[in-house]
Amino acid sequence: MLKTLRTNDTALMILFTLVVLAGPLILAPVGAGYPDLMQRFVIYGIFAIGFNILFGLTGYLSFGHAAFLGVGSYSALWMLKLLSINIVPAIIFAVVVSGLFALLIGFVSLRRSGIYFSILTLAFAQMSYNLAYSVLTPITNGETGLQLDLEDPRILDSAGSAGQVASPSFFGLEMGDTAVVPFLGMDLQFNVGFYVSALILIGMFYLSLRIFRSPFGMILRAVKSNQTRLNYTGFNSRPYTLTAFVISGMYAGLAGALLVCMDPLAGAERMQWTASGEVVLMTIMGGAGTLIGPVLGAGIIKYFENIFSRINDEVVLGWFSALPDWLAEAFTTVISPFLGSGWHISLGLIFMLVVIFLPGGLVEGANRLMNLFTRLSGPRKNTASEEDAYADKGSLPTKAAPSSTVVNTKES
Amino acid sequence: MSNYYLNRRKFLQGSAVLGAGLVAPTIFSRTAGAFTNEPGKGSVVLGFNVPQSGPYADEGADELRAYKLAVKHLNGEGDGGMLGTFSSQMLKGTGILGRKVEYVTGDTQTKSDAARASARAMIEKDGAIMITGGSSSGVAVAVQSLCQDAGVIFMAGLTHSNDTTGKDKKANGFRHFFNAYMSAAALAPVLSEHYGNDRKAYHLTADYTWGWTQEQSMIAATEELGWETVNAVRTPLSATDFSSYIAPVTNSDADVLILNHYGSNMVNSLTNAVQFGLREKKVNGKQFEIVVPLYSRLMARGAGDNVKGIFGSTNWHWSLQDEGSKAFVASYGKEYGQPPSQAAHTCYVQTLLYADAAERAGSFNPCAIVEALEGFEFDGLGNGKTLYRADDHQCFKDVLVVRGKENPTSEFDLLEVVNVTSADKVTYEPNHPMFAGGSLGKCNPGA
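Top line first, the protein sequences correspond to chains A and B.
So the first sequence is numbered by my numbering: it starts at 385 and just counts up by one.
So the second sequence is numbered by my numbering: it starts at -11 and just counts up by one.
Hints were generated in silico from the structure; no laboratory data involved.
Some hints here could point you the wrong way.
[To be verified] In silico negatives: residues of chain A with every beta carbon more than 10 Å from chain B:
(1) Ile410
(2) Leu421
(3) Leu506
(4) Leu532
(5) Leu568
(6) Gly651
(7) Phe688
(8) Trp710
(9) Thr717
[Said to hold, decoys possible] Going by beta-carbon spacing under 7 Å, a handful of chain B positions derived as facing chain A:
(10) Asp95
(11) Ser100
(12) Arg104
(13) Ser133
(14) Asp137
(15) Tyr196
(16) Gln263
(17) Asp293
(18) Asn294
Note that CB positions come from ideal geometry on N, CA and C, so glycine has one too.
Okay, chain A solo, but in the shape it has when bound:
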C-alpha cells in the first residue's frame, strides 16, 4: 500500500509538471493563453496551495490570508525599488517579511480555534488593509498603489536605460518578454514571467506534497480530526499549528512577491477581506485537504474573473447571430446577466452547486467520475480501484472529504 502511494505521488508530480509547463498550449484554445492570466493562474495556485497547508491539514480557517499576500507585495516592490531590479532578492525578502508577519499574527490568533480564530485573522487582515490604505501611506502610497519610478535609487543596478522604468528581470531575462509561436491557427504565448512562476509553483507543489506525506503533516491532520484529544494525550499541538500558519503565510508572501514581479504595482485592495475570501473559495471549490484541488480552484476563479467578466452583450449577441433576431435577443437577455459584470452570479451558482453536491470539491467530482468508469469497466475490482483513485489525486480517503469543508467549531 505504501509503495503504491509513493509511485502514485511520483506519477502525480510528473503529470502536474507536464500540465503546468504546457500551460500556453492548454489554455490558448479556451481564450486564456495570454501572459497576464497564465501568470495569475500560477501565482494564485501557489497562494491556494499555501492556504491549503493550513486549512486543508489543520482545519484552521484563516480569513486573513490576503494580508500576507499584500505584505509580500509591498516588501518585494520596495526591494525592487531600493536594491535591485532582479527578482531574486525581492522574492527572498518578501518571503522572510511575510513569514515574520505570519509568526506575529499566528502567535496571537492561534490561542483560539474555530470561528474565533477566523475572526481574529479577519480582524488582523482588515487592520493591515486599513493601515496600508491610509496610515502607512508613505510606505504604501495608499489607494493609488505603490509603483516603480524613474527616480528609484536601486543601489545595485541603478544605471538602467535612461528615460524608461526598468522592468523586473531574472538576471537579465525580463518577466514581460514573450515569444509568440503560431500553432494550428492560434498564437501560443510563451512568457518568461509565466515560466519563472510555473517552476516556482512546481517546486512549491512538491514541497506541499512532502509536507502532506511527512510525520509533521500527520500531526496537522491529527489536529484537524480532534485537537482536544490530541492535547489530552499530553501533546502540545500549538508549535505545529503555528509552524503550519507561518509556512502558509510564507507561501502567500511568495505569491504576493511574484505578483509584483510580473506587474510592478502593489495596491492596498490586494489585502481586502474579499481577497482573503477568494482564496477560501478557491480551496473549497477545488477540494480542501487535497493536493491538486486548490490549484484547480484558483484556476477556475481566475478564469471566471478575467474571461467571463469580459463577455459583454455584443459578444453574446454574436453567439446567436445565426438565429432569428427576436430569438437571439431573447437568449441574450436571459444569458447576459450571468456574464460580463454579472460574472459573480455565475461563479456563486457554481460554488453553491459544488458545495451542495460535491462537498469534497472538484477533486471529489473527478474521483466520482473515475469510479464510475472503473465500475463500468470492471465491477469486481471496485474497492481496490477506489483507493487507487484517491491516492492518484493525493486526496484523503472518502470519509474525510466531506468534513473538510466545514469549520470545526466544536474544538474551541
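Assemble the complex: chain A is given as a structure, and chain B must be docked to it using the hints.
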C-alpha cells in the same frame, strides 16, 4: 526508498531542462514587430477600460456610451458628430489609416489592480494598440504607467488629479481633462465674489491621489484669497455614509464646507451635509456654504435638490453653444436619448484626438503619435482653442464654473454656467511645485 529518490532527481533535472528549453527562445524573439501590437491591414483594436462597478460606475457607463459613439463616427456610421467641427480635418469616417476601428471593453472596478489586469488582457490578448478610460486618478496613474511599460498609448479619460500629468506623468500618456489646480484657479475668483474673502473652510477629502491634490489646490487658492483652513479630513474612497465626518463640521467654527469628493462619494456626502442642516446654518454671522470643486451632471442628478446653488467647476457642459458641442450633443442625444456628461465628452474627444494623431503621423507607432500630439493646437471639440502641451501632455483650455440650478427645467438641466475662465488664467508653469517631481521619460514603442 532509493528508487523513489532517483526518480525525483531525474524528474527535477528533466523539468529544469524542459523549462530552460521553453524559456530560451524568448530571449531572441522580441523583435517581431516594429512596435507593440502593430495592427494588421484590416482593422485596429482600441481598449476601453472603464469602471462598470464601484463608486464611479455611472461615469463609466456614460464613458462607454461615448466611446461606442466615437467608434461609430470614426467608421463612418451615424452623423459624424464632431468630425465635422474638428479643426484638423484629417478624419473622414474611413476608420483610422484606412483600417476599421474595433474595440474591446473591460471593467476597472475603480481598483488599480483590477484595472491593470484588465488593461493587460486588452494588450496581451486582444492586441489593443491604445488604452483609454478610467474614472479615478488612482486607476489612471496605474494604467498609464502600465501602458508606458507595455509600449502602447494611454489616452486618459476622466482623471482630475494633478499627479496624472504632474509627478506621475508618462511619455505615452495624454490627458484632455482639466485638473485640480485648474479647478481651484477658476473657482477662487467666483468664490471671492460671492462669499467674500473672510471665510473659514473645512475640507472633506477622498483619500487618494485625486483627493489629495484637489485639497492641496483648493487650500492654496482659497488661502490666497484670505480664507482660513480650519481642518482637512480624509475619507476612504469606499465610504458610503459620511455622517460621522459631517458631525464634527457642525461643531467647528467653519462657515464653508469644501467637498473634495466625486461620483457617489459626493452624492452621499452632500446629502448627509444637507440632512445635518448645514445649508440653513449661520456661523460667525454668515450663511454656511458648501462648495464642490469638481462637478458633473451625473452627480448633480444623484444628489437631486441638494445641489441647488452650490458652486463647482466642470470640464465641459452640454448646454455650451459652440458648433462642436452642439454637434456632439445632437449626435449623442439621437443615439441614447439623453445629453452626454463631461466624462462622455472627454472620452469621445480623446478617441478622436488619438485617431487624428495617427492620421497625421501616418503611423500607429506610439512614438510617432506622441510626436503628433505634443504641442498640438486644435479647436472645434467643445472647449474652444486647446493646446496639448509638450512638457507634460496636459491640455490647456477654458474651464467652466457652474452652479446647481434653482429651477431646473428637466432632469438634465441641473447646472448653469456661471463663468467661463479663460485658458490663460488657469495655465501654470510645467515646473509648478504642485506638479514637480516626475518626468515624462522617453516614449516607449514596446516590442
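Each hint, compared with the structure:
1. Ile410: holds, 14 Å
2. Leu421: violated, 7 Å
3. Leu506: Nearest chain B Cβ is 17 Å from Leu506/A, so the label holds.
4. Leu532: violated, 8 Å
5. Leu568: holds, 18 Å
6. Gly651: Violated, because the least Cβ-Cβ distance between Gly651/A and chain B comes to about 4 Å, which does not exceed 10 Å.
7. Phe688: holds, 13 Å
8. Trp710: holds, 22 Å
9. Thr717: holds, 18 Å
10. Asp95: holds, 6 Å
11. Ser100: Holds - the Cβ of Ser100/B comes within 7 Å of chain A, reaching about 4 Å at its closest.
12. Arg104: With a closest approach of 6 Å, the Arg104/B hint holds.
13. Ser133: Hint holds; Ser133/B Cβ to chain A Cβ min 6 Å, cut 7 Å.
14. Asp137: holds, 6 Å
15. Tyr196: holds, 3 Å
16. Gln263: violated, 26 Å
17. Asp293: violated, 30 Å
18. Asn294: For Asn294/B, the interface hint is violated, since the closest Cβ of chain A sits about 26 Å away, which is over 7 Å.
Figure legend: structure checked against the earlier numbered hints; hints not met, in rising order: 2, 4, 6, 16, 17 and 18.
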